Amino acid sequence: MWRFFHQMGSPRYFYHLAGRLVPWLGVACLVFLLYGLYDGLVLAPTDYQQGDSYRIMFIHVPAAWMSLFIYMVMAGAGAIGLIWHMKLAEIIAVSCAPIGASFTFLALVTGSIWGKPMWGTWWVWDARLTSELILLFLYLGVMALHNAVEDKRTAARATSILAIVGVVNIPIIHYSVEWWNTLHQGPTVTKFDAPSIDIDMLIPLLVMAVAFKLFFVMVLLMRARCEVLQRERNTQWVRELVEAS
Amino acid sequence: MSTAPLSHAYLILFKRDLLLAFRKRAEIINPLLFFVLVTALFPLGIGADPALLRAVGPGIIWVAALLAALLSLETIFRSDFEDGSLEQLLLSPHPLSVLMLAKVSAHWVITGLPLLLVAPLLGLLLDLGADANATLLLTLALGTPVLSLIGTIGVALTVGLRRGGMILSLLVLPLYVPVLIFASSAVSTAGAGLSISAHLSLLIALLALALSLSPAATAAALRISLS
Numbered sequence: 001m002w003r004f005f006h007q008m009g010s011p012r013y014f015y016h017l018a019g020r021l022v023p024w025l026g027v028a029c030l031v032f033l034l035y036g037l038y039d040g041l042v043l044a045p046t047d048y049q050q051g052d053s054y055r056i057m058f059i060h061v062p063a064a065w066m067s068l069f070i071y072m073v074m075a076g077a078g079a080i081g082l083i084w085h086m087k088l089a090e091i092i093a094v095s096c097a098p099i100g101a102s103f104t105f106l107a108l109v110t111g112s113i114w115g116k117p118m119w120g121t122w123w124v125w126d127a128r129l130t131s132e133l134i135l136l137f138l139y140l141g142v143m144a145l146h147n148a149v150e151d152k153r154t155a156a157r158a159t160s161i162l163a164i165v166g167v168v169n170i171p172i173i174h175y176s177v178e179w180w181n182t183l184h185q186g187p188t189v190t191k192f193d194a195p196s197i198d199i200d201m202l203i204p205l206l207v208m209a210v211a212f213k214l215f216f217v218m219v220l221l222m223r224a225r226c227e228v229l230q231r232e233r234n235t236q237w238v239r240e241l242v243e244a245s
Numbered sequence: 001m002s003t004a005p006l007s008h009a010y011l012i013l014f015k016r017d018l019l020l021a022f023r024k025r026a027e028i029i030n031p032l033l034f035f036v037l038v039t040a041l042f043p044l045g046i047g048a049d050p051a052l053l054r055a056v057g058p059g060i061i062w063v064a065a066l067l068a069a070l071l072s073l074e075t076i077f078r079s080d081f082e083d084g085s086l087e088q089l090l091l092s093p094h095p096l097s098v099l100m101l102a103k104v105s106a107h108w109v110i111t112g113l114p115l116l117l118v119a120p121l122l123g124l125l126l127d128l129g130a131d132a133n134a135t136l137l138l139t140l141a142l143g144t145p146v147l148s149l150i151g152t153i154g155v156a157l158t159v160g161l162r163r164g165g166m167i168l169s170l171l172v173l174p175l176y177v178p179v180l181i182f183a184s185s186a187v188s189t190a191g192a193g194l195s196i197s198a199h200l201s202l203l204i205a206l207l208a209l210a211l212s213l214s215p216a217a218t219a220a221a222l223r224i225s226l227s
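Chains as they are written, first to last, in the working numbering: chain A, 1 to 245; chain B, 1 to 227.
For reference, chain B alone in the conformation it holds in the complex (with noise of 0.2 Å):
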């Protein structure tokens, strides 16, 4: 039997992914919402002080999008596993991590990249200046997509279950720790004028970190999931 390369096997789980979540927007949009409304929540609720939101404006949109990347986490392999597709992924020939990659790639796209188009309007409702806005986004360039590919690793352990999204929560929120720190410290410190330099550089760090193992721990755990 002769297999299409890995590239193309990529490739066209990837596109699959994107046209499924392209014919269901409301998926898309959904956490979105979420992410807009869970920060606008917060000046309600701590008050509208300019000075006091800006202080606590970056950690307030950094939790607001760990979550609303947590919430979107599930849909990543709910319809393959209720269809069975996720069965044939698993039987196919090609490696299983590369295409858990293409999943996740996919998802983030669907649900990450949305996240950096309104930051900046949520970093102005909180007042955040132009620095800390830049740094805003591209620590979340840089950071959701960790959030996804450690988070898949907790879906596929969590896949079968009844009650998966709170133990998924459980499982995942503590490895979000390190992107949570380093991300809204940048900005909190670009909001303050000083070099980001080293948390960018973590940040890569990690994001190649989680790139380069995440996958393979994704796979290893939809295996035993499935079996």
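One chain only, chain A, in its complex shape (with noise of 0.2 Å):
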């Protein structure tokens, strides 16, 4: 156990790990993937009130569990990597902002586009939609402060505190926004004793989640890997790769 953390610790051993991994996630990724887009666009029943346009949903909902998501694990490595002083974990925690930016703009748009044949309209300011919108500038503030901070270490520091303050202000953003205004249709997976979705919805948008996830964790390592290769690059072992290929 301590063995691996311990090896995680080593930028080289992550390296190499990570290589290994990302084909395994990424074959993973495709068969739920190809195998959920199959059954939430073709085998699930249609809607008896939105017809097939509710089919958005299937990317729609995924994107939007992991725009959050995301931000949470940028604050939880933040915070190891603050504590502990682990540069894989300000890795992780840097590497974690564009990806969960492109998530929220994802949920942005396909909510966007499932809202015009719905309410008839691409934008309103309801309170999901607006504490999204949030989300997503709170994304682009950790990002500029990343890309503002020329030291990379104090750039990955810097934006971990970032990522804190606006981890304790998600939450308190959203319910503001949400005694603000709300429009949107409530929750009907996370009711647990009797969820509104069907069946036959539900299994393909868990399996679209999954495969939203196991993306997460791809994308991320390969990020992760660059972010490696650039703060290493004076050091001995990246200098052999580079020679070696």
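Hints are supplied without guarantee of correctness; some may be wrong.
Unchecked claim - DMTMM-like cross-link-like pairs, simulated, lysine to aspartate or glutamate; straight-line CA separation at most 25 Å:
| # | chain 1 | residue 1 | chain 2 | residue 2 |
| --- | --- | --- | --- | --- |
| 1 | A | K116 | A | E178 |
| 2 | A | K87 | A | E232 |
| 3 | B | K15 | B | E74 |
| 4 | A | K116 | A | D47 |
| 5 | A | K152 | B | E82 |
| 6 | A | K152 | B | E74 |
| 7 | A | K152 | B | E87 |
Calculated directly from the structure, the hints in this document are not laboratory data. Just so you know, these numbers come straight off a predicted model, no measurement behind them.
Join the two chains, each given in its own frame, into one complex according to the hints.
Below, the structure written as structure tokens:
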């Protein structure tokens, strides 16, 4: 157990481990993605109210879940990096931000496309849309701060602080906006006693959620590998790696 | 080495910042002028219909106050950063978070409190009623310290950067959303003659949370930026 943590502290070990994991994650992600898309777009029953246009849900909802999940990962990794001075956690925190911003953007765009036939408008100042938009701004702030600071280590630590401050604020922002205005449909999956979603729609949704998670881990590892190479570019093992290729 | 008690250190820093500000009065006046000017631009842009102004007035005044607070934020550490006294503060034996609280409270007295003095005037310009105007004062008194406290975290993160100002607004403005929502809706609600105790409780809760957490975050951010 401790040996694992110790090894993960070594950027070189992480680089090679992540390199071996990425193809497997890619294959698994592809399998889940194809099955989820086929199940969601072809097999799942048509909604009695929303017709076929609800099927964008299979992209929209997992993307919205990921947008929050990635922020939590980013803040968690940032906290670990700040407390235990783990270089790898800093790298993970920094690599999370652009992926999270992309998922947030995807959730906003698909939501807007879904909103057009359902609500008759591309955009409404509804609570969830607004808090998702603010989440996107939080991500962009993290990225801007990271780009602005020259020194990589300082940049990672500064963005970690910002991510933690953001995590404290996300629930406050969410509930304040919720109070302010609500039009979005209520959650239909997290009511554990009796989900108000049909089981034939729930399964592809969950499969897609797993596919998105796998995709996130894969891209995260790829970005983290790049970041490791950049940070360690003056070390012996990176030089050997470059000369060998 | 004997050190002064903590409350003494707090007071010394607080008084020093006030004294520095009163020696450069323009820094107190400029955000105020900005606040008045931005608010005065809105009737010119959207028309002078009193009913319309009454409806959007609370939001306009609060957005203007928010921007004025944002613009004045940068001055909180700048001169200290340039002459090196910020590094001396970091080396002090006292907890940095308490010293940060002293700086923020002094900064609020310099930049936040004057907003309270002109806000009723702007309320009159935008035709807010007496109730709404009183609530505006109350929400500004509760809300602007939160803006200063949260904003200082952003300033601490960007203090060494050359293009800090633009990034600061990107970092800080999303975090200002709850204050803006509760404060401006409290003013609108008061204008409609309804009870605002829920809004005020939430604003007080935000203030308590910001007061207890943000100095620590500011101190941590400052140590990173100056490392």
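Taking the hints in turn, this is what the structure says about them:
no.: 1; hint: K116/A / E178/A; in the structure: holds, 21 Å
no.: 2; hint: K87/A / E232/A; in the structure: holds, 11 Å
no.: 3; hint: K15/B / E74/B; in the structure: holds, 19 Å
no.: 4; hint: K116/A / D47/A; in the structure: holds, 17 Å
no.: 5; hint: K152/A / E82/B; in the structure: holds, 23 Å
no.: 6; hint: K152/A / E74/B; in the structure: holds, 24 Å
no.: 7; hint: K152/A / E87/B; in the structure: holds, 21 Å
Checked against the numbered hints given earlier, the structure satisfies every one of them.
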